[in-house]
Amino acid sequence: MVATNRPFDLDDAVLRRLPRKILVDLPLRNDRTAIMRLLLRGETLDDSVALDAYAERTTHYSGSDLKNLCVAAAMAAVEEENLAAAKHQGPEPFRYPERRVLRAEHFERALRQIPASISEDMASLRMIRKFDDEYGSGRGKRHRKTMGFGVVEGAQRAASGDARIRPGGGP
Numbered sequence: 001m002v003a004t005n006r007p008f009d010l011d012d013a014v015l016r017r018l019p020r021k022i023l024v025d026l027p028l029r030n031d032r033t034a035i036m037r038l039l040l041r042g043e044t045l046d047d048s049v050a051l052d053a054y055a056e057r058t059t060h061y062s063g064s065d066l067k068n069l070c071v072a073a074a075m076a077a078v079e080e081e082n083l084a085a086a087k088h089q090g091p092e093p094f095r096y097p098e099r100r101v102l103r104a105e106h107f108e109r110a111l112r113q114i115p116a117s118i119s120e121d122m123a124s125l126r127m128i129r130k131f132d133d134e135y136g137s138g139r140g141k142r143h144r145k146t147m148g149f150g151v152v153e154g155a156q157r158a159a160s161g162d163a164r165i166r167p168g169g170g171p
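Under full-length UniProt numbering, the residue at position 161 of the sequence shown is numbered 161, and the numbers go up by one with no gaps.
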């Protein structure tokens with residue numbers, strides 16, 4: 001198994017030894033929601049946090065970008081608690097809450113701090129998708145209707161609501 005962000009830089013001899021080339025593209029909206037839900041499974045989220053809305057706003061975010069976004073939101077909550085502790089006055093020590101609660105403002109702050117690491121017009125993203133069209137699993141779909149042992153591939157495209165359509169670049 002081989003993974004690379006620059007498949008177009010691989011030598012032809014290497015490519016010949018790779019029987020399948022599969023593009024793992026940016027996560028779709030529902031995938032981004034699921035990724036954030038998984039990353040935040042141990043956190044307490046305020047009712048103001050709508051992960052679906054954040055998934056809608058993070059169109060060009062990779063899985064790693066989403067992880068960084070969630071970490072930044074959690075850190076915003078920690079910084080808020082630490083600031084409250086520093087401002088605390090009185091004879092008794094500051095009591096940190098038992099459970100940290102992430103609120104919408106923590107995610108808004110994180111969104112300002114953590115941009116998407118790639119954009120739709122980024123040359124390397126276009127090159128990766130072009131490579132997939134020429135050499136990857138997308139190529140085989142144009143030439144063959146079946147895979148080995150007579151298994152029929154699903155040749156139908158996803159509805160535009162299910163998947164981002166590449167040429168237009170929108171969600």
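I should point out that these hints are in silico values taken from the structure, not numbers from a laboratory. Possibly wrong hints are sitting among the right ones.
Unchecked claim - Here are the computed distance ranges between Cβ atoms for each label pair:
#, residue 1, residue 2, range
1, Val101, Gly63, 23 to 31 angstroms
2, Asp12, Asn82, 51 to 59 angstroms
3, Arg126, Arg100, 39 to 47 angstroms
4, Ser124, Leu38, 23 to 31 angstroms
5, Leu83, Arg17, 51 to 59 angstroms
6, Ser64, Pro19, 43 to 51 angstroms
7, Arg112, Asp31, 20 to 28 angstroms
8, Ala86, Asp133, 52 to 60 angstroms
C-beta atoms are modelled at their ideal positions from N, C-alpha and C, and glycine is treated no differently.
A quick look at each hint next to the structure:
1. Val101 to Gly63: 23 to 31 angstroms: holds (25 angstroms)
2. Asp12 to Asn82: 51 to 59 angstroms: holds (55 angstroms)
3. Arg126 to Arg100: 39 to 47 angstroms: For Arg100 against Arg126, whose Cβ atoms are near 41 angstroms apart, the range 39 to 47 angstroms holds.
4. Ser124 to Leu38: 23 to 31 angstroms: Hint holds: Cβ distance 27 angstroms, inside 23 to 31 angstroms.
5. Leu83 to Arg17: 51 to 59 angstroms: Holds: the Cβ-Cβ distance is about 55 angstroms, inside 51 to 59 angstroms.
6. Ser64 to Pro19: 43 to 51 angstroms: Cβ of Ser64 to Cβ of Pro19: about 27 angstroms, so the range 43 to 51 angstroms is violated.
7. Arg112 to Asp31: 20 to 28 angstroms: Check passed, 23 angstroms falls within 20 to 28 angstroms.
8. Ala86 to Asp133: 52 to 60 angstroms: holds (55 angstroms)
Checked against the numbered hints given earlier, the structure breaks only hint 6 and satisfies all the rest.
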